[in-house]
Amino acid sequence: MISYIPEQFKVNFSDKCIKCLACVKQCSFGALSYDEEDNTIYSTDKNCVACHRCVTLCPTKAISITKNPLAYRHNNYWKPETVENIYKQAETGGILLTGSGNDQEWPSYFDRLLFDASQVTNPSIDPIREPMELRTYLGEKPSELKVTRKDGKLVISTKYKPQVKLETPIMFGAMSLGAVSLNLHRGLARASKEAGTLWNTGEGGLHEELYEFGDNTTVQVASGRYGVNHRYLNAGRVVEIKIGQGAKPGIGGHLPGEKINEDISRTRMIPKGTDALSPAPHHDIYSIEDLAQLVYALKEATHYKKLVSVKIAAVHNVAAIASGIARAGADIVTIDGFRGGTGATPTIIRNHIGIPIELAIAAVDDRLRREGIRNTVSLVASGGIRNSADVAKAIALGADAVYIGTAALLSVGCTLCQKCYTGKCAWGITTTNPELVKRLNPEIAYRRLYNLLRGWSIEIKEMIGAMGLNAIESLRGNRLKLRGVGLSDTELEILGVKPAGR
Amino acid sequence: MAFFPRSTEKQLDGCAVVGIMDTSAKRFNGDDITKAIAVMRDRSNGLGGGFAAYGIYPQHADLYAFHMIYLNTDKRYDVEEYLKKKFYIASSEKIPTRKTKQIVDSPILWRYFLAVENKPAGITEEDYIVETVMEINDKLEGVFVASSGKNMGVFKGVGYPEDLSVFYKLEEYEAYIWTSHGRFPTNTGGWWGGAHPFNILDWSVVHNGEISSYGINQRYLEAYGYKCTLMTDTEVVAYTMDLLMRKHQMPLEAACAVIAAPLWEQIDRMDEKEKDLYTKLRQTYASLLLNGPFSFIITNKDQMIGITDRIRLRPVIGARKGNRTFISTEEAAVRELEPDLDEIWIPRGGEPIVAQLKSARRRAI
Amino acid sequence: MAIKVSNSNKTINSKGLHFSELNQKIRSAVKSGADKLKLVNVNGQRYIGTGIRKEMHFDVYGTAGADLGAFMDGPNITVHGNAQDAVGNTMNSGLITVDGHAGDVVGIAMRGGCVYIKGEVGYRAGIHMKEYEDQKPVLVIGGAAHDFLGEYMAGGVLIVLNYHPKPSPCLANYIGTGMHGGAIYLRGKVEQYQLGKEVSVVKITENDKKMLNKHLKAFAKTFKLDYNGIANASFTKLMPLSHRPYGQLYAY
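Chains as they are written, first to last, in my numbering: chain V, 197 to 698; chain C, 197 to 561; chain U, 133 to 384.
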């Protein structure tokens, strides 16, 4: 039988088209073709992913893409996407794949939280003219500092663990080489250096030419251990153990062999053309004490000079897990919420597993404080941070810093077509195809990524200045600066936030 | 309910603080401090005022003097039973007051002189006192410990400070440190427990301004057993100083660098050793940075310290005459007492004004 | 100081008066024709000179309270003592001389007239001074100033002498932060880090020198200071880099 899966989009050409064929060349999904005899551009609409590459590059702005208005009988429960997915699976017997973060209509707690501002009783502070400090240090802090006076000078006798300085509490989250292009890594590394923050290699190793950005780099160690060797571990400031990812908690990774080109092969230290499989768990970590073993293996390997971060997906029991991680010796706990992005994941996993980052951060921060160990770790929030207000809210709930991934990709052209897993990214971001990679100019990528950090950082300063604060640490964990709108008592209690009006 | 703020409306802010210390420990009665705070009457609105006085109970100098406010009169016997279990009560009495027109609805005010006799092992006497105060303030509704130090006391309430001085008969007390506060309450209305000074052990604080970082300061202190129950931002200052200077044994200068930390760009310009010191202080105690406009006068039995926030959003001046040091929101308050001063100055933001008891010079500052 | 006795002279004892009482007395005196008022035993009363729109003289003995000369339009106030915060707040014209020090935000938002402070001043002196048509405010500070000197300054002349009670280097940080008009003259040198990012050091012109000399002479004469001692030093002039310093701040 034939099941009809309608085209999602339609590509429309207006009479402004001059047949320059730029669109045909730009379409990496095979949606557009040119027939010389007819002198006509034809569109295979079923291949269109609405990535807008053709629309953007059309010199006469002759192209528009519209939703294909197929008239299903209206059904609020069996939505077109649900129906079509069933057809697809009936035909193939396979699982559905997707890229990017959860796009379903789950509530956003960020959107139910509002900030305070100073009016009369304390002055708001003008962030543009007065000092406004975003500097943040990641790493374990002692619970007490022994300060004494010796020969008239103050002296500290407490031993201090290494710290990593961030000039803004926004870092770029893990996106591995292979999943994303080298040009993106080049942009991320330079932007991080310029902004005084960190980028994250992801689990695919660090390309030779980017070792010079080590002071602004977090190197990741995931279950596949790609590209991990002594030099790699010591290249950055932080080593991050990736346990899980918000978009696919409990799921491993699979970078198909066709994406493993020369560069990827060398960086991941695997032969060209072979599949790169990241197992679901680390097979040397089946329990929390095993995690401690890996944490200390990494600390030994880096002579205790690097911070060790452990990244987990936000799951139901996240507070207890984070406490275990803190006690296992990690310097940073990174929590990735269910909105976090990915290069590839089963749709069903992405859409239905995990919990919102807002609740996770609040629960973890509370738990660590109650146990008196909040100072022993820094807390990094990630997964679905869309703007500077989300950053500030995450920090007010208790995070020290955040990771951004999807927002960073958007800044360099991503249109959230969610086809990262195909390797055909028309914008040169999530692809290793050299023809496509060329489309992302690393110089431009760096500038745009840096601009994003700059713009958001100034906005954060504006927000904290409005709240009467002039240092980010006075916002961190300061939930009195937040009020909830339309939240239940239980949700408010978990967030540690009062309802608006109180 | 009587012990809740009378008004929950926000009102304009503009408190006044003043402190006088005789560094030779010569004691003087409450007239001077009353005159000084009265000059700044326009900065208060009659919804709160108070005084801290050091050296007033020489006959009980070794005992913890608990000044209690009973908004809920039924609780007095419960509290006394509770205190008896934990302490030896050497003496107890109603705090003497006089009837005045200005001070109305006064709660029951009582004081107890306590000796610690059988505290549990593994805890210092001071921590035992802190625990007791936290428990009373937190668990017993309508009962508050106004002060808990030795040879000192806090006298506070709802009203203008100069009226409260008459009410409490402060002319009958002699102290070598006096501080006072006239309140223009904002975030909480006027109520007896919420007036300044705030005290724990021999730390007292009077405060002008608002601590915008309160939310995190409070959460940080909770991890060290301090419960903020008085519905105001100022009590965190007393607990912060107690934590840093008593429990963590930190010199005053270091404690000041925590609550009014130098800016990072100032730290970046320091030499390596200083940079390391101030960086670590800020990193470790980031959550104790007091952010927002403030000027405080912080006192203990040996010191009186005046300090403003690091970008000095509230005014303060320091002055000296002979053995006396003055700290005040306005110069006028000091001029009222001493038209002819040896010295008067405006400190920089975050730079403390320090008066030190001469006999206590050895105690590290 | 000798006070001439005439019908237009009057002395008001301010001892124990609330500011509203004192200012009421001042207004009555002015209404009845006094154009020279001597206020004795002043201690912290606010708003002296506020709401008086007349060219007349006040001699203030004691410590002048906050908002001295706020919104003032015409009078000439001499304070024989110190002043508290916000001297000359949004003043339009007139002269205030303080024979002592002054607190924070001296000259805040002043649009015209002249303020001379003999000694030091607190934070944010000259904040948001501005000029309009032929109105050009002048603020001269004999001592040192604290941080955020000339913040948001949009016009006028701000001179800091770092001289009285003792010569000192310029200690303020964030000088001229947000400045977008007017000029600041500092006796002595400043380090780059002390300056707000919106200002730069520029060369002093002959016209500047003439203008400076005029104010320095008047200042020295007013407070009986040694003109040569003050003038015999190099001055640093600061000007805003732009009248619109935040063009690059917004996306679009």
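Worth flagging that the hints you see were computed from the coordinates, not collected in a lab. It cannot be assumed that every hint is accurate.
Calculated pairs, EDC-like style, for lysine to aspartate or glutamate (alpha carbon to alpha carbon, straight line, at most 16 Å) [what the hints assert, rightly or not]:
| no. | chain 1 | residue 1 | chain 2 | residue 2 |
| --- | --- | --- | --- | --- |
| 1 | V | K342 | C | E539 |
| 2 | V | K349 | C | E449 |
| 3 | V | K349 | C | E539 |
| 4 | V | K361 | C | E534 |
| 5 | U | K329 | V | D562 |
| 6 | V | K361 | C | E418 |
| 7 | U | K147 | C | E534 |
| 8 | V | K357 | V | E326 |
| 9 | C | K469 | V | E287 |
| 10 | U | K298 | C | E331 |
| 11 | V | K342 | C | E534 |
Comparing the hints with the structure gives:
{"no.": "1", "hint": "K342/V - E539/C", "result": "violated (35 Å)"}
{"no.": "2", "hint": "K349/V - E449/C", "result": "holds (10 Å)"}
{"no.": "3", "hint": "K349/V - E539/C", "result": "violated (27 Å)"}
{"no.": "4", "hint": "K361/V - E534/C", "result": "violated (50 Å)"}
{"no.": "5", "hint": "K329/U - D562/V", "result": "violated (40 Å)"}
{"no.": "6", "hint": "K361/V - E418/C", "result": "violated (27 Å)"}
{"no.": "7", "hint": "K147/U - E534/C", "result": "holds (14 Å)"}
{"no.": "8", "hint": "K357/V - E326/V", "result": "violated (32 Å)"}
{"no.": "9", "hint": "K469/C - E287/V", "result": "violated (70 Å)"}
{"no.": "10", "hint": "K298/U - E331/C", "result": "violated (54 Å)"}
{"no.": "11", "hint": "K342/V - E534/C", "result": "violated (41 Å)"}
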